[in-house]
Amino acid sequence: MKQFINIATVLILLFGFGCTKRLAPGGVYQGDQLLFEAEQMTLDAYKILDSYVTWEKENRALINSPAVQQSASKVRANAKSWIATMIAMRNAYATNPTDGNRDALEKSLAVLRVALFEAAKYLAQYSTPKPQ
Amino acid sequence: MIMEKLALAIAALNLLDKLMPIIDADVKAGTVSVEDQKKVRTEYENLVGRLDELFDGPQWKDE
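Going down the list, the protein sequences come from chains V and C.
Position 63, counted from 1, in the first sequence is what my numbering calls 63; the numbers after and before it change by one each time, with no gaps.
With the second sequence counted from 1, adding 132 to any position gets you my numbering.
Don't read these hints as lab results, they were simulated from the structure.
Ideal placement from N, C-alpha and C gives every residue a C-beta, glycine not left out.
Check each hint, because a few of them may be wrong.
[What the hints assert, rightly or not] Anything over 12 Å on all C-beta distances counts as not near chain C; from chain V, calculated:
{"id": "1", "residue": "Gln33"}
{"id": "2", "residue": "Asp44"}
{"id": "3", "residue": "Asn59"}
{"id": "4", "residue": "Ala67"}
{"id": "5", "residue": "Asn96"}
{"id": "6", "residue": "Arg102"}
{"id": "7", "residue": "Asp103"}
{"id": "8", "residue": "Ala104"}
{"id": "9", "residue": "Glu106"}
{"id": "10", "residue": "Lys107"}
{"id": "11", "residue": "Val114"}
[As the list claims (entries may be wrong)] Straight line, CA to CA, 25 Å or less: simulated DMTMM-like cross-link-like pairs of lysine to aspartate or glutamate:
{"id": "12", "chain 1": "V", "residue 1": "Lys107", "chain 2": "C", "residue 2": "Glu195"}
{"id": "13", "chain 1": "C", "residue 1": "Lys150", "chain 2": "C", "residue 2": "Glu175"}
{"id": "14", "chain 1": "V", "residue 1": "Lys74", "chain 2": "V", "residue 2": "Asp44"}
{"id": "15", "chain 1": "V", "residue 1": "Lys121", "chain 2": "V", "residue 2": "Glu106"}
{"id": "16", "chain 1": "V", "residue 1": "Lys121", "chain 2": "C", "residue 2": "Glu177"}
{"id": "17", "chain 1": "C", "residue 1": "Lys171", "chain 2": "V", "residue 2": "Asp50"}
{"id": "18", "chain 1": "C", "residue 1": "Lys150", "chain 2": "V", "residue 2": "Asp32"}
{"id": "19", "chain 1": "V", "residue 1": "Lys21", "chain 2": "C", "residue 2": "Glu175"}
{"id": "20", "chain 1": "V", "residue 1": "Lys74", "chain 2": "C", "residue 2": "Asp149"}
{"id": "21", "chain 1": "V", "residue 1": "Lys74", "chain 2": "C", "residue 2": "Glu185"}
{"id": "22", "chain 1": "V", "residue 1": "Lys21", "chain 2": "C", "residue 2": "Glu185"}
{"id": "23", "chain 1": "V", "residue 1": "Lys57", "chain 2": "C", "residue 2": "Asp188"}
{"id": "24", "chain 1": "V", "residue 1": "Lys121", "chain 2": "C", "residue 2": "Glu195"}
So here's chain V without its partners, still in its complex pose (with noise of 0.2 Å):
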């Protein structure tokens, strides 16, 4: 079950993170899902990848893997960037929402999600041990 679960949950990121949801009516957002999106998915990106590089640094030794070094050195050096750059893009959509800030908040969407992806392909993979 904790593997189809893990499984689940690479497959989760890969396809259906960020689905569009129906904002009711009144909120903050005023109808603007892209808007929703892109602070939930800051904020959840924050948490995960904070999450994933806990992990990394506190089990280095046990995982034993230049891949994986190398993917947490990589969120390390550009996580901030990652969001400063989503949150620079949402202002700019939220102030001008033409189709090419919309393009480019999208894009910084995308960023976050390959990056998601990829610390559940390595959280995934570790968390069923192999045989020796």
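For this one, chain V is given, so just place chain C on it according to the hints.
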């Protein structure tokens, strides 16, 4: 060695268990209430205001 592998697997599973509610909430179909929209906005504004300090922890240092 087996114990170490199990410890690593448990650590990864614990983390995934912690992350699943976040992911579930994101992909769950339905309507986001006005109150939940306000909550997301408040949390988001809090994150934006604390962006620098959020990346100060030791887990964010590569060393």
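Hints, verified against the model:
| no. | hint | verdict |
| --- | --- | --- |
| 1 | Gln33 | violated (9 Å) |
| 2 | Asp44 | violated (5 Å) |
| 3 | Asn59 | violated (5 Å) |
| 4 | Ala67 | holds (15 Å) |
| 5 | Asn96 | holds (19 Å) |
| 6 | Arg102 | holds (18 Å) |
| 7 | Asp103 | holds (21 Å) |
| 8 | Ala104 | holds (18 Å) |
| 9 | Glu106 | holds (16 Å) |
| 10 | Lys107 | holds (19 Å) |
| 11 | Val114 | holds (16 Å) |
| 12 | Lys107/V to Glu195/C | violated (31 Å) |
| 13 | Lys150/C to Glu175/C | holds (18 Å) |
| 14 | Lys74/V to Asp44/V | holds (18 Å) |
| 15 | Lys121/V to Glu106/V | holds (22 Å) |
| 16 | Lys121/V to Glu177/C | violated (29 Å) |
| 17 | Lys171/C to Asp50/V | holds (21 Å) |
| 18 | Lys150/C to Asp32/V | violated (29 Å) |
| 19 | Lys21/V to Glu175/C | holds (18 Å) |
| 20 | Lys74/V to Asp149/C | holds (24 Å) |
| 21 | Lys74/V to Glu185/C | holds (19 Å) |
| 22 | Lys21/V to Glu185/C | violated (31 Å) |
| 23 | Lys57/V to Asp188/C | holds (14 Å) |
| 24 | Lys121/V to Glu195/C | holds (24 Å) |
Of the numbered hints given earlier, the model fails hints 1, 2, 3, 12, 16, 18, 22; all others are met.
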